[in-house]
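Put together the whole structure using the sequences plus the hints.
There are 2 protein chains.
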Amino acid sequence: MSHYQKLVQHAQKIANFNHLAAISGWDQAAVMPSGGNDARSKAMAELSVLLHQLNTESQLADWFHEAEQEHLSPIEKASLREMKQRWQQANVLPQDLVQAKSLAGSKCEHAWRTQRKENDWKGFSQNWQEVVSLSQQEAQIRAEASNTTPYDAMLALYEPGTTTSSLDVVFNDVKTWLPNLIDRVIDKQDQESFIQPVGPFDTANQKALGLQIMQFLKFDFNHGRLDESVHPFCGGVPTDVRITTRYDENDLVQSLMGTIHETGHARYEQGLPKEYAGLPVGEARSMGIHESQSLFFEMQLGRSSEFINHLSRLASQQFNATSDPAFGAENFHKLYTRVEKGFIRVDADELTYPAHVILRYEIERDLMNGTISFQDVPELWDQKMQNYLGLSTKGNYQNGCMQDIHWTDGAFGYFPSYTLGAMYAAQFMASMRQQVDVQAAIQSGDLSLIFAWLSENIWNKGSQFMTDDLVKQATGETLNAQHFKTHLETRYL
Amino acid sequence: MSHYQKLVQHAQKIANFNHLAAISGWDQAAVMPSGGNDARSKAMAELSVLLHQLNTESQLADWFHEAEQEHLSPIEKASLREMKQRWQQANVLPQDLVQAKSLAGSKCEHAWRTQRKENDWKGFSQNWQEVVSLSQQEAQIRAEASNTTPYDAMLALYEPGTTTSSLDVVFNDVKTWLPNLIDRVIDKQDQESFIQPVGPFDTANQKALGLQIMQFLKFDFNHGRLDESVHPFCGGVPTDVRITTRYDENDLVQSLMGTIHETGHARYEQGLPKEYAGLPVGEARSMGIHESQSLFFEMQLGRSSEFINHLSRLASQQFNATSDPAFGAENFHKLYTRVEKGFIRVDADELTYPAHVILRYEIERDLMNGTISFQDVPELWDQKMQNYLGLSTKGNYQNGCMQDIHWTDGAFGYFPSYTLGAMYAAQFMASMRQQVDVQAAIQSGDLSLIFAWLSENIWNKGSQFMTDDLVKQATGETLNAQHFKTHLETRYL
Ligand SMILES: [Zn+2]
Ligand SMILES: [Zn+2]
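Taken in order, these protein sequences are the chains called A and B.
Heads up, the first sequence is in this note's numbering, so the first residue is 1 and it goes up one at a time.
Heads up, the second sequence is in this note's numbering, so the first residue is 1 and it goes up one at a time.
Possibly wrong hints are sitting among the right ones.
Pairs involving identical chains hold if they fit within one copy or between any two copies, as the list cannot separate such chains.
Listed next, the in silico DSS-like pairs over lysine-lysine satisfying Cα-Cα at most 27 Å (straight line) [said to hold, decoys possible]: (1) K394 - K107; (2) K274 - K13; (3) K42 - K13; (4) K84 - K13; (5) K274 - K42; (6) K334 - K218; (7) K13 - K107; (8) K84 - K42; (9) K42 - K77; (10) K6 - K42; (11) K188 - K175; (12) K334 - K207; (13) K175 - K485; (14) K384 - K175.
Bear in mind the hints are in silico, worked out from the structure with no lab data behind them.
In structure tokens form, the structure reads like this:
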């Protein structure tokens, strides 16, 4: 057996245990009674230890070295590249740093759940200082190993191939036009009236409606499920994708768009190349590309007026509200494209969302590169919120720098993925339009040409190509934020 | 760290992976879409390989040897005994025999699903011959290692401490009175009339009713769930017990009693001693004792007239049938204690069930001990069915010796547990009555004294004592089938 083949077998073993981790994690979030949590956490921690051992087995170094001398096809080379990247990322950190960060992160996150409610920056920052410091050490070690800047090394955990210098260019461009665009759109929308549908909207009907939309979006129910959880997510494995949503009886909008979003993630997973199942090269390309698919579904498709026509029809039928003007297509469109400046990222609309992300990107970049201190964060947050959205968060930590879970356990480098996803989605749509009459397809209710494009250009590619190559093959160019700008102007002005 | 402590740590590691196996298994049976099965089966097979490695690690031999010299408390000695027993049972077989049996069993079971429908004994026996032969080899090796007969060695996998000679005595006694008792009861019931409730009974109402009964039986929903599956079972882990049932819209009886049965299994699991969680000594004693708890719930409690009063009231309320005589307590009692001779074990009532088990016991005992051949089974089956239940299965393999899944993959030694459970349940009830006014407790709707007795005498003991000691401490004597006989005569004559 070649060393490449040995690595493949080892990767499939890891995939088998990752499968069990994914299903246990879904179970914990979606169906487990709370009394089961202690034993479950122990069992999952045991599995993490095993996975770490498998990812760092000492013989792997030799195998990679040998495999690189072997004669491999292009796809095998890509497969080797992806296996090696995961192996390096798992191996580069000393075990005591991994443990220290995990402990500090758990402690900080746990206390944060209370501290955020109490707006307790002082208490939070005492724990967080340690998380930041350990993350800086991590970034430093990763940077030395990969010969990049510390923040680039963290970014590579989520967006391999994307660099600070490319992000700076793109985000600085966005900053030149976004605040002004937001103001213009809000001015315009202030002239318009809309009707808030009046609930309660019972959960069973919301669920039935969600399932109809998933069917419309060709979610494969033979390879996946819809369930409920406090924090919606897309989990499971490609052959059995578990998406969740949450229902608010007073709000029809949230769960529906949440379901569409997760269905986008799910169809990417369900559409990954089956011939590379269990191998890193068969996995999703990056967090940003993953988010491009959920946002393609939620924003590009889901908020198009053609799609909202379907939504309005299906929702008004499900809730016996066909004569209720609040359920009319035009009103639905207004509801689903409403723009508002707010403090909270997860509640933000399509237009203001990038401002929240750029702000976080700039702060975490400078934190990891060591040019600012954790103590500077509240003031920087306030300044940037003023600049980008005209809102002050002075003294308002809970709705400012303490609002997100990501930083509490040191997931620095993740935030850019959200807006990268939105930009890739707009770029994919612009390219798709050159081959597919997207409006007509949505209007007809048969979206198969749209999905065929995504499958051929994105889903079926897995991680065969680096992000820039993938995007270039699909659209003829690498990331170009102009498509996103055009999309926003077309939709909102 | 003492060697005993090392063994404890190792056992807890195994328990953590068993936890993941239990949850993945539940998921596969209860919620997984069928398209997920291939990848899931691979992942679970990978976990089985790991568990086998952990159970047979070479250093364990030394650790057991050393631990036996260490100064241990009585409970630690019991804990060591249970760990060692599992280790020995896992180690005694050569790996190639384990694999050969697993393969032959899978093949035979898979083909059986079609062959049974087609009454194809010839096709089945071609596969089954191999399963029997490999099981005989297994029994032989286990017998040599434990210095018993082959069948006793198989029995020990499910009922450690129970032997053929004790079973022969008990079952031969049952055979002297059971066939006659069955005839007398059927004659008596032939004089009585009853009303079959007319469905459909919709699933949502059946489920709501099942949940009410589980609440009545103090199932702990903070540490467990009720779901649906084709074959009802009790799975999960003690802190998170997953029971399932199946609903038939034309049959109210089946799902309800099934739920009560599984609730009995579940409360045993939920009541296991928390201080020994993750250790074999903290697990359920045996399959027979497990079944004694489910049958205590289903037969001793669930079919008592006091309990059926509650059942009739709750069911008639749930189905808006308070004035329907079919839902009356007296009619319910008749429905739930109806006796009929039939071919199929899983459909059998409380009275005829032991005949099905004794028949299987006698055949599998002689098969494992090599005194009969697999080819003799259909004829023996027919003879015994004639003798015990007056039914012929000549040429009727699908409702004869091909009806159960157990033998298809070589689970010889399991069947006696069902009737042992029924007997232990009757014996526990007889003892309990000396301390608790059981009828009054059920009538009042507060069953806590009943559960306290079970908890103190059975649940909370885990595997601290061997079955005979456990039963003797709880009831003053070892297994005595007279209690079962008295129970049946009292209920049915
Ligand atoms: Zn997403
Ligand atoms: Zn049972």
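Which hints, by number, does the structure contradict? Violated hints: none at all, because every hint is consistent with the structure.
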